[in-house]
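The task is simple: from the sequences and hints, build the whole structure.
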Amino acid sequence: MSTTQDQFDSKKVYERALFRGCGYSSEDLEKPKIAIVNSWNEINPGHIHLRKLAEFVKQGIREAGGTPMEFNTIASCDGIANSGNFSKYILPTREIIAASVECTIKAYNFDGMVLLCSCDKIIPGMLLAAARCNIPTVFLTGGIMEAKSFNEGPLKGKTYVTSDVKEAIGQHLAGRLSKEELLLIESQTCCSPGACNMMGTANTMACIVEAMGLSLPGCATMGAISKERESLSKTSGRIIMNLVKEDIKVLDFITPKSIENAIKVALSFGGSTNMVLHMCALSYEIGGSLNHFDFDSLSKSVPLLAKFKPSSEYNLTEFHEAGGVGVLMKKLSPVLDLSTKNILGNNLKEYLNSIEIYDFQIIRNFKDPIEKEGSIAVLKGNLAPEGAIVKQSAISTEMRHHKGPAKVFECEEELRDALMEGNVKEGDVLVIKYEGPKGSPGMRELSLPAAILVGMGLGSSVAIVTDGRFSGAKRGPCIGHVCPEAIEGGPIAIVQDGDEIEIDIDNRKLEVLISDSEIEKRLKKWKKPAERIKTGYLNIYKKIVSSAKYGAYLQ
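For the sequence shown, the residue numbers in numbering that gives the first Met the number 0 are 0 to 554.
Everything labelled a hint here was simulated from the structure, so no lab data went into it. Don't take each hint at face value.
[To be verified] Quick list of in silico lysine-lysine cross-link-like pairs, DSSO-like style, CA-CA up to 27 Å:
#	residue 1	residue 2
1	LYS348	LYS366
2	LYS157	LYS178
3	LYS329	LYS248
4	LYS524	LYS379
5	LYS51	LYS226
6	LYS30	LYS105
7	LYS520	LYS402
8	LYS299	LYS340
9	LYS348	LYS263
10	LYS371	LYS263
Structure (structure tokens):
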């Protein structure tokens with residue numbers, strides 16, 4: 000079909016000419032242009048299958064009368080990057096992803112977009128971009144990696160997911176797992192594409208996206224390589240065309256009410272502490288003022304209805320089989336705002352009316368929860384005057400109150416060395432400073448040493464306190480996001496070996512047991528350490544990043 004005189008726009012000649020070089024026809028260019036924003040690559044198991052899913056999305060778009068146009072953004076694997084010092088770059092990639100999507104979508108003036116994403120910083124980065132662009136938008140998260148069940152050999156009868164690999168390292172160091180068993184776990188645990196089959200940040204954020212109505216029902220927890228995901232991908236392509244035709248934009252779904260609903264949902268299933276950063280940043284993007292203290296009040300308002308690996312034996316595939324996000328939201332509905340909308344055109348009340356509940360063991364009932372409070376607590380005290388974050392749902396009862404001598408480290412590497420050399424003892428409080436957003440810079444994730452600690456059998460006797468952060472896929476008394484961070488002169492900067500630290504989760508306290516005058520004396524003597532990074536992106540990042548309290552967004 001050729002362009003008619005009435006439709007002809009001479010101002011678009013140059014644009015159309017260049018699109019012709021990409022293989023698009025006149026007919027293609029007359030239709031709504033739909034961006035397929037893909038984070039596919041060959042270096043991340045959560046994303047390696049997204050190119051295939053994009054083809055199904057394109058089919059749905061074409062069948063519904065649109066023209067799909069695909070481009071990519073970066074997608075690093077936290078687990079791979081956390082094996083080295085350059086894990087400093089991982090949280091800052093969230094802003095690169097957001098900016099790259101924003102720049103391309105706005106420069107090309109797309110009519111709508113489908114965002115394909117799976118992992119920890121990619122889903123949040125695309126959420127920030129979606130809020131900035133505010134065009135019709137559908138999210139397609141990549142789904143769950145299969146769990147590995149061993150049916151023979153020395154691990155017969157055991158099921159492993161990626162969080163178990165990290166703990167296995169600690170078990171091997173403690174002599175509780177042979178080299179052969181460790182290599183078997185290494186070689187077979189990641190047995191398919193998809194997001195790691197545990198309640199880490201990736202799956203927390205995928206569930207949050209579904210809870211906000213931005214992806215189709217079941218999308219968050221469905222298997223990555225299942226046939227039903229292929230069908231869902233094609234449907235996502237059709238749905239974006241409905242939104243374009245009705246001019247329904249993403250900020251019709253991303254609202255203060257939907258953000259609060261999604262946080263409550265994540266708190267009720269033991270979601271990652273990293274969601275605090277991402278949801279505060281998203282609130283900022285839409286003009287809100289969410290900070291990490293709000294998570295404490297929200298956590299007190301919802302019960303804990305479910306827990307998943309590594310905090311329990313259930314994995315995310317079992318969550319999906321039990322009804323996933325939909326069933327959990329129905330059970331949590333007494334404390335949700337049911338007026339929020341989803342991409343299918345329903346409000347939450349209408350959608351939940353269609354959900355059947357057929358599980359109790361994995362997803363508990365509202366009046367019979369695992370715990371009365373949600374998964375996250377915010378602590379405060381002279382060690383963290385502006386707060387610190389802990390995943391209370393992943394802590395054993397005996398560690399909810401703990402006193403112990405501080406063992407101080409100035410970076411993650413020092414802590415890893417101490418663990419590998421057996422220099423950590425029962426009762427210790429491991430304090431890692433200068434790993435905050437500005438100080439690291441980049442706010443590194445200390446998930447590997449935290450998991451090794453558990454694997455060594457010290458998870459119920461040793462605590463970690465840091466201005467850095469942790470994965471959602473960790474358990475034990477790991478307290479992060481200490482604010483103010485050390486590089487800004489927060490009290491964590493002046494903690495010394497042997498200082499007694501008190502952690503009291505029930506009373507929300509984090510204290511170093513020295514006098515106020517001693518703290519003041521030490522702070523006067525404290526000198527800001529030499530900058531670790533003086534060039535490149537991280538040098539820019541550290542100058543404009545906010546406190547973790549507000550989501551480590553770029554100011």
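Looking back at the numbered hints, which does the structure fail to meet, lowest number first?
-> Structure breaks no hint.
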